[in-house]
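A.B. asks: Given next are the chains, with one letter for each unit.
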Amino acid sequence: MSDLRDLYQELIVDHYRHPHNFGPLAGANRRAEGFNPLCGDRLTLYLQVVDGVIEDARFEGSGCAISTASASLMTDALKGKTEAEVENLFAGFHALVAGGGDSPSTAALGKLEVLAGVREFPVRVKCATLAWHTLRAALREAGQPVSTE
Amino acid sequence: MNAAGPSQGAKAPLGGSAAHDVASVGARMNTMMNELARASAPETAETALAVARLRQDFPILHRTVNGKPLVYLDNAATSQKPRYVIECEARYYAELNANIHRGVHSLSQQATEAYEAARDTVRRFIHAARREEIVFVRGTTEAINLVAASYGQRLRPGDEVLITEMEHHSNIVPWQLLCERTGAVLRVAPIDDAGELRLDAFERLLGPATRIVALTQLSNALGTLNPVQRLVALAHAVGAVVLVDGAQAVAHLPVDVQALDCDFYAFSGHKLYGPTGIGVLYGKAALLDAMPPWQGGGDMIREVTFARTTYNDLPYKFEAGTPHIAGGIALGAAIDYVGMVGLPAIAAHEQALLAYATERAAGMAGLRLIGTARDKASILSFTVEGVHPHDVGTILDDEGVAVRAGHHCAMPVMAHFGVPATVRASFALYNTVEEVDVLMRAIRRAQEVFG
Chain A
1 MSDLRDLYQE LIVDHYRHPH NFGPLAGANR RAEGFNPLCG DRLTLYLQVV
51 DGVIEDARFE GSGCAISTAS ASLMTDALKG KTEAEVENLF AGFHALVAGG
101 GDSPSTAALG KLEVLAGVRE FPVRVKCATL AWHTLRAALR EAGQPVSTE
Chain B
1 MNAAGPSQGA KAPLGGSAAH DVASVGARMN TMMNELARAS APETAETALA
51 VARLRQDFPI LHRTVNGKPL VYLDNAATSQ KPRYVIECEA RYYAELNANI
101 HRGVHSLSQQ ATEAYEAARD TVRRFIHAAR REEIVFVRGT TEAINLVAAS
151 YGQRLRPGDE VLITEMEHHS NIVPWQLLCE RTGAVLRVAP IDDAGELRLD
201 AFERLLGPAT RIVALTQLSN ALGTLNPVQR LVALAHAVGA VVLVDGAQAV
251 AHLPVDVQAL DCDFYAFSGH KLYGPTGIGV LYGKAALLDA MPPWQGGGDM
301 IREVTFARTT YNDLPYKFEA GTPHIAGGIA LGAAIDYVGM VGLPAIAAHE
351 QALLAYATER AAGMAGLRLI GTARDKASIL SFTVEGVHPH DVGTILDDEG
401 VAVRAGHHCA MPVMAHFGVP ATVRASFALY NTVEEVDVLM RAIRRAQEVF
451 G
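Protein sequences, first through last, are from chains A and B.
Mapping of the first sequence onto this note's numbering: residues 1 to 149, in sequence order.
Mapping of the second sequence onto this note's numbering: residues 1 to 451, in sequence order.
Don't read these hints as lab results, they were simulated from the structure.
Partial chain B-side listing against chain A, Cβ under 10 Å, derived: (1) V387; (2) H388; (3) G393; (4) D398; (5) A405; (6) G406; (7) M411; (8) M414; (9) A421; (10) R445; (11) V449.
Here are the simulated distance ranges between beta carbons: (12) A91(A) / R204(B): 55 to 61 Å; (13) A84(A) / E359(B): 55 to 61 Å; (14) H20(A) / G451(B): 20 to 26 Å.
According to the in silico footprint, chain B covers these stretches of chain A (three or more CB under 8 Å from chain B): (15) 4-16; (16) 33-47; (17) 52-64.
Here a beta-carbon is modelled for each residue, glycine too, at the ideal position from N, C-alpha and C.
Next up, chain A with everything else stripped away, as it sits in the complex:
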C-alpha cells in the first residue's frame, strides 16, 4: 500500500494528466522515437541542441503514468544542460529507479527523485527509462526507433 502511494505520488499523477513540454517542437534539430513493445508505450522526443547545449525539449506520444510523467519531468530537467551533464543525469536517474550499484547521489536529480518509487516495481522500470533511452538515441541521432527490448 505504501509502496503504491510512493509510486503514484501526486506530482506524478499531475505530470501524467498535464504533461509539461507536450507536443511537437518547431525548430527541433534532433528527434527520436521510443517504443516499449511489451506495453505499447510510444513517444517521440524533439530536441533543439545548440553548441552542445539542449536549448529546448518537447515530446509527444501515449503511455502510462510512469512513462508520461518521466518524459515530462525529463524534458523539464534537460533545458540548459550540456550533453555531458545529461549523461550524468541519466546515470543518476537510472541508479535511482533501477537500483544496483552504490546508492546514487540524488542531489542533482531534483524533481526527478519523485520517480524513486519505481524501484519497488521492477516491471515498471522500463516505463520510467523509456524517455531517457529515447533521449540518448536523439543525441546520437540514431535513425532507428529505440525499443526497450
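With chain A held as given, fit chain B onto it using these hints.
C.D. replies: Just chain B now, with coordinates in the frame of chain A:
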C-alpha cells in the same frame, strides 16, 4: 465431474481414460493414476460447479500476493494447474521416465503407452476421427507455424491467405512470413466496433485464389466467439482449407473438429490447466499425409541412408526429436480433469461470471468495454478513463488481482479500437463472483489514485 462424483473420477487414469488405457497401460501406471485420481478428483454439485471445492484442487490459489489473497484473472494468458496435473507430471519423472518409441525395456514401453494414451485422450476430447490426426507440438504457435511451413509450400504467387482482424500475432506473422516466401497475398477480414467479424466482408474476401483461411475460434483480446462452422463452410465452398486457432476456445467450450469440419485445429496445453511447452495440432489425415515433413530427426524418420530418407507414418512424421513426454502425459491428465468437472458445466459457470462482470462494469463510470460481441466467452477487456491500463494493472496487482494489461499480442485489434492497450480479466472454472467484486473494488481504487 458432471454429477458423477469422485468414484468415477478415480477410474480415470493419467494420460487417457476408458478402455484403451486399462487394457494397454502397465498395471503399475494404472495403480499410480488411480491413486492420483482418487486424491485429486474434483467434486461438483449436480447443477452447478462446486467452485469452493474445486478451488481446493489448485494449490496456487491459496497463496497470497502483496499480502492479499490471489485473485487470478489472467487465465487467457495461462491457467493454473490442478494438483492432479502437477502430481501426474512429477510422478511421471519419479516413476516412469524413459525415452519412448524405441526402448526394448519395460520402462520405455510403459512411458510409450502412457504418452500414446494421452494422444487418445486428446483425440476423444476434440472428437477427431483418428489418433493419427493428433500431432503433439510445443503449443498453438508451433502448430500454426507447422502448417504454414509445410502445407504452405504449395502456395504460389497470387494465391491468397485470409485471416481476420482479431487474430493473435501468432496467427498473423506465420502467414506473413509464408506470403513473403511464396509471393502469396495476405487478406484480412475486418471486424466491426463490437468486435464481431464482418461476415459480409469475410465472404467477399473469399475467392478462387483463397488457399488458406486462418481464424480464431475465441478472440483472446475481445472474447468474441466466431461462428466457425459457418465460416468453414464458406471457405470450403471456394476450395480453401481452414486452420482454427483454438488456443482460447478449447478450455471454455466443447470442441468437435468433425462437426466444425475444420482442416486444422491448434491449441496449447497450458491454457487448458495443463503444462506449458505442449500443445496439439489436429489435421485431417488426408491433408497431413500429403504434406511434406517440417522438422527432421528422431521420431519422424523411418529409414535413413545418405542417398535418401523415408519418413514415418502419421502422426510421427511431424514429431521430430524426443517429444515433451511428461507434458503430453500431463496434458492428458488435464483433459481428464476437465472431463471430470465437465466442460458444459465449466462453460455455464464462466458465462455466468462473464455476465455478472459485464453488468458490474456497465454500472461503473469511466469503464469502456472493448469487445461487446453478442457471442462471447470468458474474457472481459476494458479501459478505464484517465488511467492507463498499465497503471490499472499495477494497482490491481497491489490488491492481489492478476490481470493482463497490454495489447494481448493483438496490436491490430488495439489499433481498431484506437487504444494502446486494454485491461483484460479472463475467467476459468475456479473463479468466483466474489473475485469479480474484488476486481471491481480494485478498479475503483485505481480511479481514486488518479481521481
